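Student: Given next are the chains, with one letter for each unit.
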Amino acid sequence: QKEVEQNSGPLSVPEGAIASLNCTYSDRGSQSFFWYRQYSGKSPELIMSIYSNGDKEDGRFTAQLNKASQYVSLLIRDSQPSDSATYLCAVNMNNDMRFGAGTRLTVKP
Amino acid sequence: EPEVTQTPSHQVTQMGQEVILRCVPISNHLYFYWYRQILGQKVEFLVSFYNNEISEKSEIFDDQFSVERPDGSNFTLKIRSTKLEDSAMYFCASRWGTNEQFFGPGTRLTVL
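Chains F and E are the protein sequences, given in the same order. According to my numbering, the first sequence is numbered sequentially starting from 1. According to my numbering, the second sequence is numbered sequentially starting from 1.
For the record, the hints were derived by calculation from the structure and aren't laboratory data. As the structure is a computational prediction, the values presented were derived from the model and not from experiment. Glycine included, every Cβ here is placed at the ideal spot set by N, Cα and C. Mixed in with the good hints there might be a few duds.
To be verified - Covered stretches of chain E, as calculated for chain F (at least 3 residues, CB under 8 Å):
1. 42-56
2. 99-109
Stated by the list, open to error - DSS-like mimics (lysine-lysine), calculated; alpha carbons at most 25 Å apart, straight line:
3. K67/F - K83/E
4. K56/F - K67/F
5. K57/E - K42/F
6. K42/E - K42/F
7. K42/E - K83/E
8. K67/F - K42/E
9. K83/E - K57/E
10. K67/F - K78/E
11. K42/F - K78/E
12. K2/F - K108/F
13. K67/F - K2/F
14. K108/F - K78/E
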């Protein structure tokens with residue numbers, strides 16, 4: 001069974017803090033990993049992709065990948081109230097993409 | 001900025017009826033996808049489509065479902081004989097060559 005696991009949260013952080021979101025996946029052969037943000041009632045919005053072990057930074061977002069541990073994470077620095085959303089981890093497995101259930105993040109002013 | 005579009009935004013149908021959900025992928029994209037998200041649940045892969053044929057489908061995508069690219073721009077999902085449990089948001093997505101998929105705004109399907 002191909003699985004992507006995330007802590008459902010909710011995760012609450014104060015404005016300006018670092019939010020840390022984690023994800024594990026079951027398919028050791030997976031090569032492509034994504035973080036999407038989903039506001040309530042809206043569609044998933046791609047914020048980061050990562051393909052190689054290590055860190056990838058884009059503005060306030062850093063994605064981290066460890067294929068040996070089958071683990072991918074997203075750090076959001078200087079969190080803003082507008083970052084409050086559900087963050088979906090997605091893993092490409094054999095030409096189909098599997099999503100985790102998402103972690104709900106609340107950033108409190 | 002190019003984007004995936006979907007119509008209608010909300011579709012209400014009676015159980016047993018057929019519905020067609022429509023998507024216009026980003027124009028130079030080659031790979032097309034349908035996903036569904038039941039309220040409060042995770043996004044679930046249904047089917048991927050490339051070069052005018054299905055390349056992958058999930059266990060959800062049974063004989064009740066079909067996809068078609070009837071012309072150079074539209075990509076459709078047909079659901080025959082809808083059931084109450086088909087009520088969900090249906091998202092279309094597309095990508096070019098990289099694996100990054102871009103989602104449309106979704107169609108909310110309500111089966112009564």
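Student: Hey, K67/F versus K42/E, does the alpha-carbon distance stay inside 25 Å?
Tutor: holds, 23 Å
Student: Just to be careful, I want the Cα atoms of K2/F and K108/F compared with a cutoff of 25 Å; is the pair within it?
Tutor: violated, 35 Å
Student: Can the restraint linking K67/F and K2/F be considered satisfied, given a maximum Cα separation of 25 Å?
Tutor: Holds, at about 15 Å.
Student: Do three or more residues from the segment 42-56 of chain E put their C-beta atoms closer than 8 Å to C-beta atoms of chain F?
Tutor: It holds: at least three residues are needed, and the segment 42-56 of chain E offers 7 whose Cβ sits within less than 8 Å of chain F.
Student: Would the hint linking K67/F and K78/E be met if the CA-CA limit is 25 Å?
Tutor: violated, 38 Å
Student: For a C-alpha distance cap of 25 Å, please report whether K83/E and K57/E respect it.
Tutor: holds, 20 Å
Student: Is it true that the CA of K42/F sits at most 25 Å from the CA of K78/E?
Tutor: holds, 22 Å
Student: Between K56/F and K67/F, does the CA-CA distance stay at or below 25 Å?
Tutor: OK: K56/F and K67/F at ~14 Å, within 25 Å.
Student: For the pair supplied as a hint, K42/E and K83/E, confirm whether the alpha-carbon distance does not exceed 25 Å.
Tutor: Holds, at roughly 19 Å.
Student: Does the alpha-carbon distance linking K67/F and K83/E stay inside the 25 Å limit?
Tutor: Not OK: K67/F and K83/E at ~40 Å, beyond 25 Å, violated.
Student: Would the hint linking K57/E and K42/F be met if the CA-CA limit is 25 Å?
Tutor: Holds: K57/E and K42/F sit about 24 Å apart, inside 25 Å.
Student: Quickly compare the C-alpha distance for K108/F and K78/E to 25 Å and report which way the hint goes.
Tutor: violated, 42 Å
Checked against the numbered hints given earlier, this structure breaks hints 3, 10, 12, 14; the rest are met.
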